[in-house]
Amino acid sequence: MSLEKPELTRLQRWMQEVVVHPGTVEEAIESESAIREIPSERLSEVVLPSHSMTSAERVGVYHGMYLMRMEEALETDYPVIRYHLGDHQFGHLVREYVQRYPSTSYTLNRLGDHLPQFFLDEPEWHDAAFLHDLARLELAMTEVFDEEESPVLGSEELEAVPPDAWEEARLRPIPALRLLAFKHAVIPNLVAFHEDRPSPGPRRRATWVVLYRRDYSVLRLELSRAEYDLLKAIVEGAPLGEALATAAASKSQRQQAKVFRWFRTWISEGLFAAIES
Amino acid sequence: MQNNRWGLPDLGLGVGLRTTHYPHILSEKPEIGFFEILTENYLDTGGRPLFMLDQIAERYPTVMHGVSMSIGSTDPINFEYLAKVKALAERTGSLWVSDHICWTGVLGRNTHDLLPLPYTEESLAHSVERIKIVQDFIERPLVLENPSTYLEFADDDMKEWEFVARLAEEADCGLLFDVNNVYVSAYNHGYDPVAYIDAIPADRVCQYHLAGHTNKGTHIIDTHSDHVVDPVWELFGHTIRTVGLRATLLEWDADIPPFEVVHQEVLKAGDWRRQEVADVA
Chain A
1 MSLEKPELTR
11 LQRWMQEVVV
21 HPGTVEEAIE
31 SESAIREIPS
41 ERLSEVVLPS
51 HSMTSAERVG
61 VYHGMYLMRM
71 EEALETDYPV
81 IRYHLGDHQF
91 GHLVREYVQR
101 YPSTSYTLNR
111 LGDHLPQFFL
121 DEPEWHDAAF
131 LHDLARLELA
141 MTEVFDEEES
151 PVLGSEELEA
161 VPPDAWEEAR
171 LRPIPALRLL
181 AFKHAVIPNL
191 VAFHEDRPSP
201 GPRRRATWVV
211 LYRRDYSVLR
221 LELSRAEYDL
231 LKAIVEGAPL
241 GEALATAAAS
251 KSQRQQAKVF
261 RWFRTWISEG
271 LFAAIES
Chain B
1 MQNNRWGLPD
11 LGLGVGLRTT
21 HYPHILSEKP
31 EIGFFEILTE
41 NYLDTGGRPL
51 FMLDQIAERY
61 PTVMHGVSMS
71 IGSTDPINFE
81 YLAKVKALAE
91 RTGSLWVSDH
101 ICWTGVLGRN
111 THDLLPLPYT
121 EESLAHSVER
131 IKIVQDFIER
141 PLVLENPSTY
151 LEFADDDMKE
161 WEFVARLAEE
171 ADCGLLFDVN
181 NVYVSAYNHG
191 YDPVAYIDAI
201 PADRVCQYHL
211 AGHTNKGTHI
221 IDTHSDHVVD
231 PVWELFGHTI
241 RTVGLRATLL
251 EWDADIPPFE
261 VVHQEVLKAG
271 DWRRQEVADV
281 A
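Protein chains in written order, with the UniProt record's numbering: chain A, 1 to 277; chain B, 1 to 281.
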């Protein structure tokens with residue numbers, strides 16, 4: 001039976017449905033979404049066989065490369081999760097993830113943006129809560145890597161603030177800064193990956209971290225709960241007087257000295273871009 | 001032999017800029033004609049990639065090569081993407097902007113693959129119209145690369161080389177002629193690569209690509225993961241005799257060796273270019 005030539009729109013929809021299908025290429029060609037565009041029995045009327053390959057095998061070249069490319073992209077952004085899960089489980093994760101969150105961007109750099117959400121959507125995934133935390137950490141690292149560069153607050157600008165203006169002054173963080181709170185000990189997993197040691201896996205322990213970029217490298221500081229609360233208040237725009245008073249509520253000299261030390265570290269690490277007094 | 005119709009310069013020999021080579025390039029400052037950057041890698045970053053690119057673009061001519069324009073797609077043109085491409089071209093002083101004769105997705109999705117177009121009158125008219133719109137928007141010639149393809153559509157109205165030549169003429173755009181892609185597609189589809197080369201309008205060609213590939217026996221995949229094979233060098237020789245000397249770039253994207261290896265590989269193209277100049281003289 002000779003059928004009319006499929007129009008370009010239909011042909012492209014069909015091919016995309018086949019290419020992105022998570023099963024084998026035969027299953028893809030027979031899938032409901034592909035058949036809706038072009039019936040499977042018409043395959044050889046649409047794609048020619050070659051001297052060495054059937055029509056299905058030729059479409060299969062594109063089908064096979066799709067998941068490989070998605071896996072490469074997600075592995076680049078989530079190396080710690082891949083390390084923790086191993087090749088097989090990570091491959092399974094990629095297949096599931098791109099079905100739910102396929103790329104809609106011109107760049108693969110944004111493909112993994114929904115991975116933390118994926119683990120919330122799929123709580124039956126083994127260790128989903130831990131993987132959610134790990135995904136948040138790795139996503140934040142990619143964001144910090146790509147954020148806009150900005151000047152860093154220097155000591156001259158700090159010294160120029162009149163003493164009576166400190167109470168109401170506010171510090172503006174650099175764009176390449178992310179402040180994160182986790183329910184799991186994610187940092188040992190990151191360290192194990194970098195040191196090529198076995199992944200310690202999930203362990204529930206509240207963890208607070210600030211990620212930031214200096215000289216184009218992504219760095220981190222692990223924080224105590226009190227440090228995190230103070231830095232969060234400052235980053236969210238609280239006046240310094242108010243934020244510091246809350247942090248050093250005991251007014252003990254020891255506590256005040258500790259807060260002063262944190263503050264000095266954050267300034268020297270370049271966490272702030274400007275002071276607005 | 002003639003130059004391209006826009007008078008875009010023959011930049012000599014170049015290589016694709018890859019992150020693993022940044023330190024070598026910045027410290028050793030190799031003598032090289034130009035670098036080709038992967039457009040999408042620099043569109044949404046204010047970090048290290050852009051910092052490195054700024055330093056390299058200050059020292060070397062650069063051209064941009066994208067993979068997401070999806071010129072043959074039936075989806076609407078993405079003007080947000082094009083605005084970023086244009087801004088990057090201005091920032092780097094890129095001499096031209098290239099992408100591929102393909103489509104990458106529909107219905108808002110991107111497969112991030114260079115999917116084949118059917119070589120039909122409908123597809124040709126559709127792509128021509130879109131190329132004109134894109135060129136108006138980016139205010140510079142769009143240079144499009146012939147693809148490597150792994151299948152042929154049964155309803156094609158013309159051969160790939162006729163489609164490519166008519167596309168360039170009717171849309172008034174440039175061509176990035178990938179010699180390895182011609183070899184790959186000719187192997188996969190069983191046609192004569194020389195016939196392809198001879199059909200290409202020389203004055204449309206602004207740049208050449210060379211690369212290695214992976215022969216799977218039943219078909220060849222354009223992997224950019226190895227040295228250029230001898231038959232492709234022979235085709236390159238035929239191309240420069242037929243079309244002329246153009247900016248010539250080596251792509252190496254997988255299993256990337258040290259910069260010196262990539263550089264040595266593209267220098268082989270210099271031997272072919274010198275031979276051609278000697279023959280003409």
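Be aware that one or more of the hints could be misleading.
Said to hold, decoys possible - Stretch by stretch, here's where chain B covers chain A in the computed footprint (C-beta under 8 Å, at least three residues):
| hint | segment |
| --- | --- |
| 1 | 31-40 |
| 2 | 64-70 |
| 3 | 130-138 |
| 4 | 147-153 |
| 5 | 257-271 |
What the hints assert, rightly or not - Covered, in the sense of this in silico footprint (three residues per stretch, anywhere, with C-beta under 8 Å from a C-beta of chain A), are these stretches of chain B:
| hint | segment |
| --- | --- |
| 6 | 146-152 |
| 7 | 215-223 |
In case anyone wonders, no lab produced these hints; they're calculated from the structure. Using N, Cα and C, we set each Cβ at its ideal position, and we do this for glycine too.
Given coverage of the segment 130-138 of chain A by chain B, tested with a Cβ cutoff of 8 Å and a minimum of 3 residues: violated (count 0)
Are there at least three residues in the segment 147-153 of chain A whose beta carbon sits under 8 Å from a beta carbon of chain B? Result for this restraint: holds, n = 3.
Examine the segment 146-152 of chain B for residues whose CB is less than 8 Å from any CB of chain A, and state whether their number is three or more. holds (count 3)
Residues of the segment 257-271 of chain A with Cβ under 8 Å from chain B, three needed, outcome: violated (count 0)
Outcome, coverage hint (the segment 31-40 of chain A, chain B; C-beta under 8 Å; three residues): violated (count 0)
Stated coverage of the segment 64-70 of chain A by chain B [criterion: 3+ residues, CB within 8 Å]: Coverage by chain B holds for the segment 64-70 of chain A (4 residues, Cβ < 8 Å).
Proximity test - 8 Å, beta-carbon atoms, the segment 215-223 of chain B to chain A, at least three hits: holds (count 4)
Violation of the numbered hints given earlier is confined to hints 1, 3, 5; the remaining hints are satisfied by the structure.
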